[in-house]
Amino acid sequence: MTDDLKRHFEEQVQAALGAAFVSVEVSAHDEEDGLPYYEVRVVYDAELGELSADTMLAVTEKLWATETQRGGDFFPVTYFTDVSEVEGHAA
Amino acid sequence: MPLSSDLVKTAEERCELKPSITEADLRRATSDCYYAMFHAICETLVSVLGSDAGNDAIREAYDVLYRQPDHAYLDKRCREVSRLDFDPRLKAFARQISEMQNKRHQADYYPLAKFSRTNVFNDVAKTSATVRSFHDTAQAERVRFAFFVSLRGRKD
Numbered sequence: 001m002t003d004d005l006k007r008h009f010e011e012q013v014q015a016a017l018g019a020a021f022v023s024v025e026v027s028a029h030d031e032e033d034g035l036p037y038y039e040v041r042v043v044y045d046a047e048l049g050e051l052s053a054d055t056m057l058a059v060t061e062k063l064w065a066t067e068t069q070r071g072g073d074f075f076p077v078t079y080f081t082d083v084s085e086v087e088g089h090a091a
Numbered sequence: 001m002p003l004s005s006d007l008v009k010t011a012e013e014r015c016e017l018k019p020s021i022t023e024a025d026l027r028r029a030t031s032d033c034y035y036a037m038f039h040a041i042c043e044t045l046v047s048v049l050g051s052d053a054g055n056d057a058i059r060e061a062y063d064v065l066y067r068q069p070d071h072a073y074l075d076k077r078c079r080e081v082s083r084l085d086f087d088p089r090l091k092a093f094a095r096q097i098s099e100m101q102n103k104r105h106q107a108d109y110y111p112l113a114k115f116s117r118t119n120v121f122n123d124v125a126k127t128s129a130t131v132r133s134f135h136d137t138a139q140a141e142r143v144r145f146a147f148f149v150s151l152r153g154r155k156d
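Going down the list, the sequences are from chains X and H. Each residue of the first sequence is one higher than the one before, counting from 1 in our numbering. Each residue of the second sequence is one higher than the one before, counting from 1 in our numbering.
Careful: at least some of the hints might be erroneous.
DSBU-like cross-link-like pairs, simulated, lysine-lysine; straight-line CA separation at most 30 Å [said to hold, decoys possible]:
(1) X:Lys62 to H:Lys18
(2) X:Lys6 to H:Lys114
(3) H:Lys76 to H:Lys18
(4) X:Lys6 to X:Lys62
(5) X:Lys6 to H:Lys91
(6) H:Lys91 to H:Lys76
(7) H:Lys76 to X:Lys6
(8) H:Lys18 to X:Lys6
(9) H:Lys9 to H:Lys114
(10) H:Lys114 to H:Lys18
(11) H:Lys114 to H:Lys91
(12) H:Lys9 to X:Lys62
(13) X:Lys6 to H:Lys9
(14) H:Lys76 to H:Lys114
Quick caveat, the hints were computed from the structure, so don't treat them as lab data.
With these hints in hand, go ahead and build the complete structure from the sequences.
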């Protein structure tokens, strides 16, 4: 995936999470049956804002809309993990 | 209570259990989420048959129809749903089932995959919300969706 797309994904996730956003990492993979997907690993800080199910679902919707608009078929599989559980991040 | 709702409840209970939640709890909750959504589709498929479980012919059709969904085909079709004319709640359900199928594979087949507590708790919350919304949609639209993601046309 291009740096532009990664940056675009990061901007979308950051806008959706607001102050709770810490970081996002995106990598491209293929499922066993060959279908492509992006693994989108979002780190957030629950002390700065709990995430609602609607917020997290909206992130997947926006990322998938971005991908389909550009004619791609990598499905975003999103992981939302609190910063306290991530090694290397200060809690 | 339908099996789909029971499975969501089971996933929620695994996450509520105790402070010392195990990796097995997190993997099983992930799998429960996917199967809750999978069974919601199966239940919707057979809903067109009515509820005459005492009728042998209906019972046979029920078993055949319930077992129609194929995991790989379901994923492929769910990815197509966003581009088509379906209720937004069904589109959200389709995205979530594709995501949970991917994670279910990690949970059931990849012993080195890492599962964090907050991530799985968030998956359970997302699944619970989408299954609830799925059941809130009009039955006819839900049936159209279930048939679209499950049954192969002549050209598939």
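These are the hints, each one checked on the structure:
| no. | hint | verdict |
| --- | --- | --- |
| 1 | X:Lys62 to H:Lys18 | 35 Å, violated |
| 2 | X:Lys6 to H:Lys114 | 23 Å, holds |
| 3 | H:Lys76 to H:Lys18 | 37 Å, violated |
| 4 | X:Lys6 to X:Lys62 | 13 Å, holds |
| 5 | X:Lys6 to H:Lys91 | 24 Å, holds |
| 6 | H:Lys91 to H:Lys76 | 13 Å, holds |
| 7 | H:Lys76 to X:Lys6 | 24 Å, holds |
| 8 | H:Lys18 to X:Lys6 | 37 Å, violated |
| 9 | H:Lys9 to H:Lys114 | 23 Å, holds |
| 10 | H:Lys114 to H:Lys18 | 19 Å, holds |
| 11 | H:Lys114 to H:Lys91 | 28 Å, holds |
| 12 | H:Lys9 to X:Lys62 | 28 Å, holds |
| 13 | X:Lys6 to H:Lys9 | 36 Å, violated |
| 14 | H:Lys76 to H:Lys114 | 26 Å, holds |
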